[in-house]
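Here the structure of chain A is known, so what remains is to put chain B in place on it, guided by the hints.
Those protein sequences? They're chains A and B, same order as listed.
Going by the numbering used here, the first residue of the first sequence is number 1, and it counts up by one from there.
Going by the numbering used here, the first residue of the second sequence is number 1, and it counts up by one from there.
The hints are simulated quantities; they were obtained by calculation from the structure and are not laboratory data.
Just so we're clear, the structure is a prediction, and the values are computed from it rather than from any experiment.
Each statement offered as a hint is correct.
Pairs count within a copy or across copies, as identical chains cannot be separated in the list.
Distance condition first, Cα-Cα at most 20 Å in a straight line; then the derived SDA-like pairs of lysine to any residue: (1) Lys411 - Lys439; (2) Lys73 - Leu114; (3) Lys259 - Asp341; (4) Lys58 - Glu47; (5) Lys73 - Ser112; (6) Lys195 - Lys411; (7) Lys99 - Leu114.
There are 2 protein chains.
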Amino acid sequence: MKKERITPRGENYSQWYLDVIREADLAENSIVRGCMVIKPNGYALWEKIQENLGRMIKETGHRNVYFPIFIPKSLLNKEAEHVEGFAKESAVVTHHRLKLNSRKELMVDPASRLEEEVIVRPTSETIMYDSFARWVTSYRDLPILINQWSNIVRWEMRTRLFLRTSEFLWQEGHTAHATHDEAEEEALKMLKVYKDFVEEYMAVPLISGEKSEGEKFPGALRTYTIEAMMQDCKALQAGTSHNLGDNFAKAFDITYLDKNNEKKYVWQTSWGASTRLIGALIMTHSDDRGLVLPPKMSETQVVIIPIWKTQEERKSVEKVCSKIESDLQKEGISTSTDYRDYLTPGFKFNDWEKKGIPVRIEIGPKDVEKKKAVVCRRDTNEKKSVEFKNIPKNVKNLMEDIQSDMFKKAKNFLNDNTHEIENFEDFKDFFKNKRGFVKAFWNQSKESEGEIKYATGASSRCLIGEGNGKCIFTGKPAKQKWVFGIGY
Amino acid sequence: MKKERITPRGENYSQWYLDVIREADLAENSIVRGCMVIKPNGYALWEKIQENLGRMIKETGHRNVYFPIFIPKSLLNKEAEHVEGFAKESAVVTHHRLKLNSRKELMVDPASRLEEEVIVRPTSETIMYDSFARWVTSYRDLPILINQWSNIVRWEMRTRLFLRTSEFLWQEGHTAHATHDEAEEEALKMLKVYKDFVEEYMAVPLISGEKSEGEKFPGALRTYTIEAMMQDCKALQAGTSHNLGDNFAKAFDITYLDKNNEKKYVWQTSWGASTRLIGALIMTHSDDRGLVLPPKMSETQVVIIPIWKTQEERKSVEKVCSKIESDLQKEGISTSTDYRDYLTPGFKFNDWEKKGIPVRIEIGPKDVEKKKAVVCRRDTNEKKSVEFKNIPKNVKNLMEDIQSDMFKKAKNFLNDNTHEIENFEDFKDFFKNKRGFVKAFWNQSKESEGEIKYATGASSRCLIGEGNGKCIFTGKPAKQKWVFGIGY
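Okay, chain A solo, but in the shape it has when bound (with noise of 0.2 Å):
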């Protein structure tokens, strides 16, 4: 195996992210121009957000659905901010069959082309909406609260690993409510479990607000976002929750009677997170040696090393090795051992520094000895020398501590590049220089949007409160603080 290097991040930060992902096995580009391969210890990631954001949804009164990845073309044509928002990046079946010419060589059959082209789903509010349109008759069928783990398609020309891919996994909540005031208290609840989970397992801060005009969802009232702040103080927008108001129920025709037998349009949400959120991960966390994770992110928590040279050696590492591999588990710590016998010791801690496993326990002869183990954080490369009977307890405070600096360490450069700043000319000139969010007084509008990130390049993240102030851009009374920043 060869040992590659990992571009420093101040060297060159794009090819940092890229070295990263490839040196801990997360994924790849595949032979499909802009869809990418998720390899097991990437895919393992989604799975922790499955399994902990799928639980939260649940929790949360949603149940999930699959619905068709097909979308007729006519379907996409019923709301029309939606159709602009994705016609442009659709991948189109337009044929059901390959056949074989006289050369020998596949070929599309041109006898088997569709009498309607269907796109592949690009987001599922146009195919769930028209069984929406037949689910409610009542106001007892309210709400519906669904949500669909699923693959989506949006055809795209720069593309990147995890972040921006044609391809990419997500899930997607969809809900339809009575009034207006249970959709948005719905796309607040749900704007919420985003921010829980986001902060509370991948140990990443984020700021969270309504979207602008120019930023929201087509074919949305309102888009509320959750941007993270990445290590080269870019925004990410790592999630969306979306008051749709009622403009879908009137494209689709969903109503219900009410109590008094009158007839409503619905009122309805949907929200969505999808594997960009990993894109998140490895860049708010890791550093110049590979990937770092936070424990609760991390399906193998703890590493555990044995060194030696003799079998003799050997056979008494392994032993304890074993002891404290079980002892840990019956913690709830997941924990492996690294038995490879054609490998160095250097070799493996490099292997698993890269991997951002949180924990690596060194055991030799000598350890064995004293009854002490090495125990190193991958976070801070802290080493401490640790008896074989308090590892266990050590261990289990080390999991909360590291997920808790973690989160402090983000938290802290958050802040550290967040600015205040109230004049356009300051704003221009700390984008020409930096990198970095920017809070300013802004009299939203989507001109002086356009304006500004042509001037600038940054764009609104979102609204993040209510105060008095100059607009930014035209030196007016302003009452709504933004959030401003360069996105991915």
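Okay, now just chain B, sitting in the frame of chain A:
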């Protein structure tokens, strides 16, 4: 809510199946031809499969991955038998953009034509093995043991909910090994995992064994299958495991250097089970009153129905219901209480019966007085009056009894409808009037299989043993005993 009738099995078996699905609210046809919408009750069954079969797949050393949904046409073309098997039912993506024409109608943008068409995966051998070729270099990289949960598209002309749909969900395992024997062992191991899961959790008895040449997977050396018998005595293939030999290794050039530094081809397996299992579950156990679920497959195992007239009664009844619900949950039995106050108890009984919930508990004011409740089994309709304090233990035992009784009942049905037949006249007679499994000696060949199918509608299901007998078709001496049946 209107009460829909379920067509009795004896009257129209096909309609009965669809009625059971509709009344249990499992799934429905979508607006997209041949694709289904899996509703929350139906998806909960798939989640039980994912949870339990998924755990068993991990316990046998496999890790989950995700590969692209799109397969370039040229990649499909690499293995000759494989392409023959799947080209005819491929959804072909030819363009990557829609646009609005001058009349504001959505149309395919001709400028977005793909250089090479891609198909939506009908199975992932080709796209995965393209990666395997890069992943494997040394014997130390073997075995590769991966699994994928995903959606699959095979364009079907005649579809039927869960049993045959143009899109379905499945898991597909793919492995690569150093030797033929290791691959053979793996294929058989995973066949056993399927059999264990389906019999133990779904309570569906199976026969299993090797498929004939005519029925094996396109590109495989050998295919093994699990076959179930539905209540109309037709056979349903519920899962398959393939020893792929080195066919794909040669087509995709997947080689490794062995310990002696010699270049060798890998040996491979693939194995899959799909949402079709849900069809098998429904058709094995359900009755003329609707769905019947074994406890291990039911998201809700017990439903409690409070019965009351006055508000005072309601208060005391609901208090008891809540206590019993929490007692049952402490025993690990998933329980819910139907508090809907706009439905009669009779409507609720029927409603939960149709949904297949294994146990119903009825509690009215008189039950509260006597400290007893009526406990009713869905599978046998048997009712017992049980003292409140004994309910947790009683229901816990009932869960085991129902699970094993349902399996026994289905096993008896399978045995009762399996026959030994020794000559072709009797064989033809049998399938003229009846359905069922027929055990017969057979010297398999693709030609005779075709003739048998033409004459009787029956095909070989699998090879079940060796012995000495006469070939059912030719009358010549034969050593292999096969099961025949009419398949779904």
